[in-house]
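Protein chains in written order, with this note's numbering: chain A, 1 to 136; chain B, 1 to 142.
Simulated from the structure, these hints should not be mistaken for laboratory data.
Just so it is clear, CB atoms sit at the ideal spot from N, CA and C, and this is done for glycine as well.
A few of these clues could be false.
[Claimed, not checked] Some chain A residues judged to face chain B by a derived CB distance under 8 Å, without partners named:
1) Gly66
2) Thr78
3) Thr80
4) Arg85
5) Ala88
Single-letter residue listing:
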Amino acid sequence: MMARVLSALGAGLLFGLGLAVSRMVDPAKVLGFLDITGAWDPSLALVMAGAAGTAMIGYRLALGRGRPLLAEAFQLPTRTEIDARLLAGAVIFGIGWGMAGVCPGPAVTGIAFLQIETLYFVPAMALGLFIARRVA
Amino acid sequence: MENFTPVSALVGGAMIGLAATMLLWLQGRIAGVSGILGGLLPPAAGDAAWRAAFAVGLILGAALYRGAGGPLESLSFSGTGLSIAAAGLLVGFGAGFGSGCTSGHGVCGVARLSKRSIVSVLVFTLAAAVTVFVMRHLLGAG
Chain A
1 MMARVLSALG
11 AGLLFGLGLA
21 VSRMVDPAKV
31 LGFLDITGAW
41 DPSLALVMAG
51 AAGTAMIGYR
61 LALGRGRPLL
71 AEAFQLPTRT
81 EIDARLLAGA
91 VIFGIGWGMA
101 GVCPGPAVTG
111 IAFLQIETLY
121 FVPAMALGLF
131 IARRVA
Chain B
1 MENFTPVSAL
11 VGGAMIGLAA
21 TMLLWLQGRI
31 AGVSGILGGL
41 LPPAAGDAAW
51 RAAFAVGLIL
61 GAALYRGAGG
71 PLESLSFSGT
81 GLSIAAAGLL
91 VGFGAGFGSG
101 CTSGHGVCGV
111 ARLSKRSIVS
121 VLVFTLAAAV
131 TVFVMRHLLG
141 AG
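So here's chain A without its partners, still in its complex pose:
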C-alpha cells in the first residue's frame, strides 16, 4: 500500500515536472499551438511526440515483464470501438481546451503557481468529471 502510494506520488511528480519544464502548464503556450493561423508555436507537438515516443518504448519494456511490480495485473483499456460517446466527448473536451488552453494534467499541476484562475478552472473541471461519470 505504502509502496503504491509513494510510487504514484513519484510518477505524478515527474509528470508535473515534465509539464512545467515543457511549459505545457502555461495556457498561453498551449493556445500558441492551437492557434494555427496566428503566430504558430509547434512546441506542444514535440512534447506529445517526446512523451508518446518515450512511453511507447517504456510500455513495451514494462508489458514484457508480464505483470507490474506492485500490483496483480496490468489494467489496460479494452474497448476498441469508435462510438458516438468517444467522439462527442472529444468534441466537448476540445472546445473547452480551446477556450482556456488548459487540460486536466496542467490544470492540477498549475495549482503550484497559486493563481486565481486555477480556482475557477479546477473545481468546474471536477464538477464536469463528476457529471460525466453520473450520466455515463
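Since chain A is already given, all that's left is putting chain B on it; use the hints.
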C-alpha cells in the same frame, strides 16, 4: 515561430513519457489524469490513496520546478473568470464522457497505438483549433 521551444518541449515530453512508464511498470495503470481524478469522484475504498498521491505529485513537480528557479515564473491565462470556469466544466465533462484527455488518450493511448485514442486526439485537437480560430480571429477575443 518565435515562441518555439523545441529542446524544453522534447525534454519535458520525455519526462512525461517516463512518468507514464513508471505508473504502468509499477502499478499497471494508465497515466490518464482525467481518469485518475475521475476515480476520486467519489473516492472508492482502497483505490483512492494512489490517485490522490498522483495528483499531489503533479503539484509537487511544478513546485519543485519553481523552487529550483525554473524559467517559467507565472501562467498566462486569457478570458474572464466565467469563461475559464465554463472551459473547465467542458474539459471535465468531455474528458469523462469521452474516456480520456490529453494524457490518457494523447500520451498513453497513442503510445499503445490505440485506434480509439488516435481518433480522439485528432478530434479534440481539431475541435480545440477551431475554437481558438473562432475566438481569436472571428470574435477577436483573447
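Practice item. Would you list, in rising numerical order, the hints stated earlier that this structure does not obey? Key: Per hint list: 1 and 2 violated.
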